[in-house]
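Protein chains: 2
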Amino acid sequence: MAATAPIDADTAGTRHQDRMQRKKTVIDQRIAEAAARRGVLLVNTGTGKGKSSAAFGVMARALGNGMHAAVVQFVKNRTDTGEIAFFRNCPQVSWHVMGEGFTWETQDRARDAAAAQSAWAQARAYLNDTRIDLLILDELTYAFKYGWLDLDTVLADLAARPPMQHVIITGRAAPQALIDAADTVTDMAMVKHAFRNGIAAMPGMEF
Amino acid sequence: MAATAPIDADTAGTRHQDRMQRKKTVIDQRIAEAAARRGVLLVNTGTGKGKSSAAFGVMARALGNGMHAAVVQFVKNRTDTGEIAFFRNCPQVSWHVMGEGFTWETQDRARDAAAAQSAWAQARAYLNDTRIDLLILDELTYAFKYGWLDLDTVLADLAARPPMQHVIITGRAAPQALIDAADTVTDMAMVKHAFRNGIAAMPGMEF
Chain V
158 MAATAPIDAD TAGTRHQDRM QRKKTVIDQR IAEAAARRGV LLVNTGTGKG
208 KSSAAFGVMA RALGNGMHAA VVQFVKNRTD TGEIAFFRNC PQVSWHVMGE
258 GFTWETQDRA RDAAAAQSAW AQARAYLNDT RIDLLILDEL TYAFKYGWLD
308 LDTVLADLAA RPPMQHVIIT GRAAPQALID AADTVTDMAM VKHAFRNGIA
358 AMPGMEF
Chain X
158 MAATAPIDAD TAGTRHQDRM QRKKTVIDQR IAEAAARRGV LLVNTGTGKG
208 KSSAAFGVMA RALGNGMHAA VVQFVKNRTD TGEIAFFRNC PQVSWHVMGE
258 GFTWETQDRA RDAAAAQSAW AQARAYLNDT RIDLLILDEL TYAFKYGWLD
308 LDTVLADLAA RPPMQHVIIT GRAAPQALID AADTVTDMAM VKHAFRNGIA
358 AMPGMEF
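Chains as they are written, first to last, in our numbering: chain V, 158 to 364; chain X, 158 to 364.
None of these hints come from the bench; they were simulated from the model. All values derive from a computational prediction rather than experimental measurement. Among the clues, some could well be false.
Same chains, same names: a pair is fine if it fits in one copy or spans any two.
Stated by the list, open to error - Capping the alpha-carbon separation at 20 Å, the derived lysine to aspartate or glutamate pairs in DMTMM-like fashion look like this:
id : residue 1 : residue 2
1  : K349      : E190
2  : K349      : D165
3  : K349      : E257
4  : K181      : D265
5  : K233      : D167
6  : K181      : D337
Only chain V is shown next, with the shape it has when bound in the complex (with noise of 0.2 Å):
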């Protein structure tokens, strides 16, 4: 083996620093790539905790912008949220709970759909009102799972909506050509979660 000369802490220093250089000139590249501006859309999948979250941060974010939201929930049915007590004093943000709560509660199909269908009249409204900048469409994938609603639909009245609106959607298992449609797709994978160690669901937490 060759033997290797002791690193000094400038030597060090300066590799340091050629090495964040050499990262700095590709990322600045890249970031002068990325010249497009429109309104996208993101997907929040999968079974970790963090999807619909995610999604109120990033409306947090643009209300602080100046930006106007409306927020759709397609199955959660509980108005006494955390989320929503926060987000209701804000008049920048119109918020409609219309799901009926989860399948396993309501156990009926027929009722599931109604609601699913009357939440996607709500949200295609806003996908015609350039006046909202961002649109969030909580658990709307649960409609494409259940049979509420025809995907074909939702991704022409996606595609139709003001070409700067930006659109959250949120949900596990967001069928693929969603995905395809997406600009920006998460994928949330539940390492572990808390619930499932004995730990109830809290407030502030979880609602």
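Model the placement of chain X on the given structure of chain V, informed by the hints.
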């Protein structure tokens, strides 16, 4: 092949109801078993979009429940983001931007390390403060990747926090010992990202 009898809507509805009732039994049992109430440690890691925004979405939920929160940012150095503009007006939030910016921008490891150590001193003050219900340590994981902080010290400080305090840690490549210590871990995998397809980082979406 055996002929199957046609299924009328009533039969399908009954089958759906039966299946959902069985699902409800399982889920109700799980909820009954998850009775522990204590502060949880969440880790949002992975290469995809949503790690920090999910933390801020949970914070909105916590604030809506009347809780108090603090944010310490370990890498980011921008103070003109939408999230800061939005949450700055909320008296329940303390926000500390303590990073020096991306490593490829500073190109100075000693400066990055000193900044991370100052940020950890701030974090530790909150980890000793029972008035803080939720502490967000944004992009903390990079401190381990680059050797700015000692992981065992950080884990010991986290373990000694008030029993009902929730903590959310974000950043890529969370070390295994941090994952082991956490209650809930989500790996946010990038399926696709608008930036990689030539779309600029836009206000309201990325900052």
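For each hint, the structure was consulted:
1. K349 with E190: Between copies, since 17 Å is at most 20 Å while 37 Å is not.
2. K349 with D165: Neither: 42 Å inside a chain and 41 Å across chains, both beyond 20 Å.
3. K349 with E257: This pair counts as neither: shortest intra-copy Cα distance 28 Å, inter-copy 32 Å.
4. K181 with D265: between (55 Å within a copy, 13 Å between copies)
5. K233 with D167: neither (57 Å within a copy, 26 Å between copies)
6. K181 with D337: Result: close neither inside a copy nor across copies, 30 Å intra and 33 Å inter.
In summary, the structure is inconsistent with hints 2, 3, 5 and 6 from the numbered list given earlier, while agreeing with the others.
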